[in-house]
Amino acid sequence: MSIDARNHEDAETFDGSGDESGGESDDDNRSPIQRWADDWIRNPEKAYAVMLVFLGGVLLTTSLFPLYWLFNVAMAPPGQTDIPLLPETIDLSAFVQVFQQVPFARFMFNSLFYAFTVTVFVLLVASLAGYAFGRLEFRGKTPLLFALLVLSFFPPATLFIPLFRAFNQQVPMLGLFTLPVEIYGTPGAVVAPLSAFTMPLAIFILTTFYGQIPDGLEEAARVEGTTRIGALFRVIMPLSAPGVATAGILTFITVYTEFFFSFLMTGNSAAEWAPVVDGVIAFQTQYTVRYDLQAAASLIAIVPVAILVVVAQDKIISGLTQGALKE
Amino acid sequence: MARVKLTDVTKRYDDVTAVDDMNLDLKDGEFICLVGPSGCGKSTTLETVAGLTKPTSGTITIGDREVTNLPPKDRGIAMVFQNIALFPHMDVYDNISFGLRLRNFPQDEMDERVEEAARVVRLQGMLDRMPSEMSGGQRQRVAIARAIVRDPDVFLMDEPLANLDAKLRVNMRTELQRLHKQLDTTIIYVTHNQAEAMTMSDRIAVLNRGELQQIAPPLVCYNQPANRFVAGFIGSPSMNFVDATVGDGTLDANGYSVSFDTAAIDGVTPGEAVEFGIRPEDLYLADNSAEAADPSRTFSVTTDVLEPMGDEIFVYLKPILDPSGGGGMTDFEERQGLLMSVDPATDISEEEDVEIVLDRARIHLFDDDTGDAISHGVVADADLEAEAERDEAQAD
Chain C
359 MSIDARNHED
369 AETFDGSGDE
379 SGGESDDDNR
389 SPIQRWADDW
399 IRNPEKAYAV
409 MLVFLGGVLL
419 TTSLFPLYWL
429 FNVAMAPPGQ
439 TDIPLLPETI
449 DLSAFVQVFQ
459 QVPFARFMFN
469 SLFYAFTVTV
479 FVLLVASLAG
489 YAFGRLEFRG
499 KTPLLFALLV
509 LSFFPPATLF
519 IPLFRAFNQQ
529 VPMLGLFTLP
539 VEIYGTPGAV
549 VAPLSAFTMP
559 LAIFILTTFY
569 GQIPDGLEEA
579 ARVEGTTRIG
589 ALFRVIMPLS
599 APGVATAGIL
609 TFITVYTEFF
619 FSFLMTGNSA
629 AEWAPVVDGV
639 IAFQTQYTVR
649 YDLQAAASLI
659 AIVPVAILVV
669 VAQDKIISGL
679 TQGALKE
Chain S
6 MARVKLTDVT
16 KRYDDVTAVD
26 DMNLDLKDGE
36 FICLVGPSGC
46 GKSTTLETVA
56 GLTKPTSGTI
66 TIGDREVTNL
76 PPKDRGIAMV
86 FQNIALFPHM
96 DVYDNISFGL
106 RLRNFPQDEM
116 DERVEEAARV
126 VRLQGMLDRM
136 PSEMSGGQRQ
146 RVAIARAIVR
156 DPDVFLMDEP
166 LANLDAKLRV
176 NMRTELQRLH
186 KQLDTTIIYV
196 THNQAEAMTM
206 SDRIAVLNRG
216 ELQQIAPPLV
226 CYNQPANRFV
236 AGFIGSPSMN
246 FVDATVGDGT
256 LDANGYSVSF
266 DTAAIDGVTP
276 GEAVEFGIRP
286 EDLYLADNSA
296 EAADPSRTFS
306 VTTDVLEPMG
316 DEIFVYLKPI
326 LDPSGGGGMT
336 DFEERQGLLM
346 SVDPATDISE
356 EEDVEIVLDR
366 ARIHLFDDDT
376 GDAISHGVVA
386 DADLEAEAER
396 DEAQAD
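These protein sequence lines are chains C and S, in that order. For the first sequence, our numbering assigns the number 685 to the last residue and increments by one with no breaks. For the second sequence, our numbering assigns the number 401 to the last residue and increments by one with no breaks.
One chain only, chain C, in its complex shape:
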């Protein structure tokens, strides 16, 4: 429905005289949509509000509906493939069965263990690197940072075969040495490559944040009695809390949801350090698939990440509102 320019101008003059007598007759000539459009043109904030609600609704629906659907599947009885829009019964027993049929807790522990170990290791090493890149001047700094960027562009999958051989068959590395033990099927086979893959981004984030802390604070800490490393962990890192939290969360989520390496570098049973994906797959046998349990397991697996994000978000905000520096 187009907006008639003449009508529009008329509306403005009526607005000026501000009387109902003219308005009524005009309203008769116009469709409700015309009046509606007219109203929005004069009050654009109404249009913005409506659009905001609409967009927000679309975003929420597209992101939350799959979760709702999982919940629906989990509510359906075993073997039912026709899932209604509203669950017919609310039966939470699937969420308990998940832990009874397979050692799902152990699967989750494995994945959380990977995510936690990698995050701690990456934050530690990336902090040292971020300190060097962000706060020190040295020859070759830019080429090194650039090399790091280039390395992070490699698709991890291309490295799978060589890593698999190195972890599995004890091939000589660079013709110089072999790994002392076979680490396939141990946490190391997941933690080591995933640390390497998540490291560049963490280094970039921390470099930016550490570079912004005034030199005076580090010098003050060193005069007060810390070493450079001490100043890094006692002053620079706490003051960069938002950056550390960001790097930490990204690393944690990346590793927790990582499928390729954690699935292929480990065995299939929980005791063989299989990740949570194996836990979900475990409800599928040669002849049966328990979709309801898989859906329940998937929902449970989301919980730790959701909690982490909520908690860390709080930390990020508190970090940002901390007292300003006098600089």
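A hint or two may mislead.
Label-pair distances were calculated between CB atoms; the ranges are [what the hints assert, rightly or not]:
| hint | chain 1 | residue 1 | chain 2 | residue 2 | range |
| --- | --- | --- | --- | --- | --- |
| 1 | C | Phe496 | S | Arg127 | 43 to 49 Å |
| 2 | S | Asp25 | C | Phe496 | 24 to 30 Å |
| 3 | S | Gln129 | C | Thr500 | 47 to 53 Å |
| 4 | S | Lys186 | C | Gly569 | 38 to 44 Å |
| 5 | S | Asp156 | C | Pro514 | 52 to 58 Å |
| 6 | S | Asp25 | C | Gly588 | 32 to 38 Å |
| 7 | C | Phe591 | S | Glu120 | 26 to 32 Å |
Please keep in mind that the hints were generated in silico from the structure rather than gathered at the bench. All residues carry an ideal CB built from backbone N, CA and C; glycine is no exception.
Dock chain S against chain C, hints included.
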């Protein structure tokens, strides 16, 4: 409390020499100010003492220990920074006790020391505040408390008052002096504000371009500057400098001459170009010539701009350009106009011809090439009457 000794300390960056062959020997408990213009190497010198910068060559000794290669934490120093540098994520108590916690002090002793330090800088009752909730002066006091709480051998202060407003700066200046009296610790204080240097220190070390120009008590730097740089840097407003030539028994400055006994001053030969300096307060109106210890003959100038300061008036003087004006400084260049300070009660106006005298006992002569001081005050020619006659002859 400790002696601090810098021997041949040099700090070179890629293409700049920030500190050049610095030798300093500070007595135990001395308050010393490093002053100089921006980029003169005073902060770098302080950083080498702190251990934040490693000197390219030379040694630094604190007490009996050579500390050149020790990290800052092992040097027994404490430092107050220009940007205050409180840890913004810690409250006042944690800031002050930071160094003590690193040294694993027992809790009760730590409490005691923090209380004491807070009392000294008058911060009682504020220990649980965050730095962001405090005013500039309070933050600076926290920084000072953080420094004194560890009872260091040497205090290093890098322009600690530079970021404070003028009134607070004067207050903190007195507080620092009181603190020094109370603690009796060796203090090295960097500033570019020569008023701070003059009022607070036992000795001033004047630096320029990385080199030590003079180290002496404030009044010695003021009255007997070692060279032209020190003379120009110390004192506000700055000393007047005029190019001059040594004549036979006179000093000729662009048409104006002061008589003095050339023979009585070493290193001055007739015909030599020198620079002569005189402080604004050593110039007098001819009417007040009795106030000068050793007044010269009078000469005529025109007043230019007046700056009434309340307690005195700064008068900018320019030479009378017309030679027929009588005994004036004919060839004076603009930049060699003089600044005179007079009593606020003086009746003087702009663009007025006045007669002035200068105090011969307070003239400074500097070598034209090296800038080194040749003499402070010139001795009048033995035959004062002869001078008077000559003056009269010139006036005619």
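Checked hints:
no., hint, result
1, C:Phe496 / S:Arg127: 43 to 49 Å, "holds, 44 Å"
2, S:Asp25 / C:Phe496: 24 to 30 Å, "holds, 26 Å"
3, S:Gln129 / C:Thr500: 47 to 53 Å, "holds, 51 Å"
4, S:Lys186 / C:Gly569: 38 to 44 Å, "holds, 42 Å"
5, S:Asp156 / C:Pro514: 52 to 58 Å, "holds, 55 Å"
6, S:Asp25 / C:Gly588: 32 to 38 Å, "holds, 33 Å"
7, C:Phe591 / S:Glu120: 26 to 32 Å, "holds, 28 Å"
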